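Participant: The chain contents come next:
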Amino acid sequence: EPEVTQTPSHQVTQMGQEVILRCVPISNHLYFYWYRQILGQKVEFLVSFYNNEISEKSEIFDDQFSVERPDGSNFTLKIRSTKLEDSAMYFCASSVSGFNYEQYFGPGTRLTVT
Amino acid sequence: AQTVTQSQPEMSVQEAETVTLSCTYDTSESDYYLFWYKQPPSRQMILVIRQEAYKQQNATENRFSVNFQKAAKSFSLKISDSQLGDAAMYFCANAGGTSYGKLTFGQGTILTVHP
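Same order as they appear, the protein sequences are chains L and Z.
Number 111 in our numbering belongs to position 111 of the first sequence; there are no gaps in the numbering.
Number 44 in our numbering belongs to position 44 of the second sequence; there are no gaps in the numbering.
Note that these hints are calculated values from the structure, not bench results.
Incorrect hints may appear among the rest.
Said to hold, decoys possible - Here are some of the chain Z residues that sit facing chain L, going by a computed Cβ distance under 7 angstroms: (1) R43; (2) Q44; (3) M45; (4) L47; (5) G101; (6) K102; (7) F105; (8) Q107; (9) G108.
Unchecked claim - Selected chain Z positions facing chain L (in silico; Cβ < 8 angstroms): (10) R50; (11) F91; (12) L103; (13) T104; (14) G106.
As the structure is a prediction and not an experimental result, all values here were calculated from the model.
Idealized CB from N, CA, C, for every residue including glycine.
Chain L with its partners taken away, still in its complex shape (with noise of 0.2 angstroms):
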């Protein structure tokens, strides 16, 4: 069964750093997405991307953060300069279609910042 994968699984960082997490949604998959999960915390949106560029975005996603598509299959995640509250785990997620198909996710890349 097609599956979203994510790398890496945990990733530690030190605060002002750069990162890139790294997602391979299904392949016929046209939707793709960025939700993150502070330990203990429910499950917040980030972005969605349809098309080659945001379709939406969250008031979490600011100038710091970026995605891009770079070769028709993986989907980034960029962080330009972490914060120690961008500890989290970080979810990617690709549907078929929009709103009304199932988003399948990833399971997730454990973001450390120290």
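Given the coordinates of chain L, work out where chain Z should sit on it, guided by the hints.
Facilitator: Chain Z only, in chain L's frame:
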């Protein structure tokens, strides 16, 4: 804006018994979908069940069923014949019609299953 509220931080159930997890939501969308996701200790998000708002019939997936009350904006999950593997965090979520599938999640309910 959409909101999802799960008022039960924790629930417990005996193996083989039935448990119901509550969820209420608010949305201005006329067309939307509702979901229950399961998050076991591995933290992987797994879709349990989904409900289209335009359908009056409650969704069912094996031991999992929902009670969708559209007027009351309520969407509860019933787990029948609970199994030890059902122990997890359960999130209720809403996706609205005018968005590109953005999911709004509730705070989650931790379900413990006692043998």
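Participant: Which constraints among the numbered hints does this structure fail? Numbers only, ascending.
Facilitator: none
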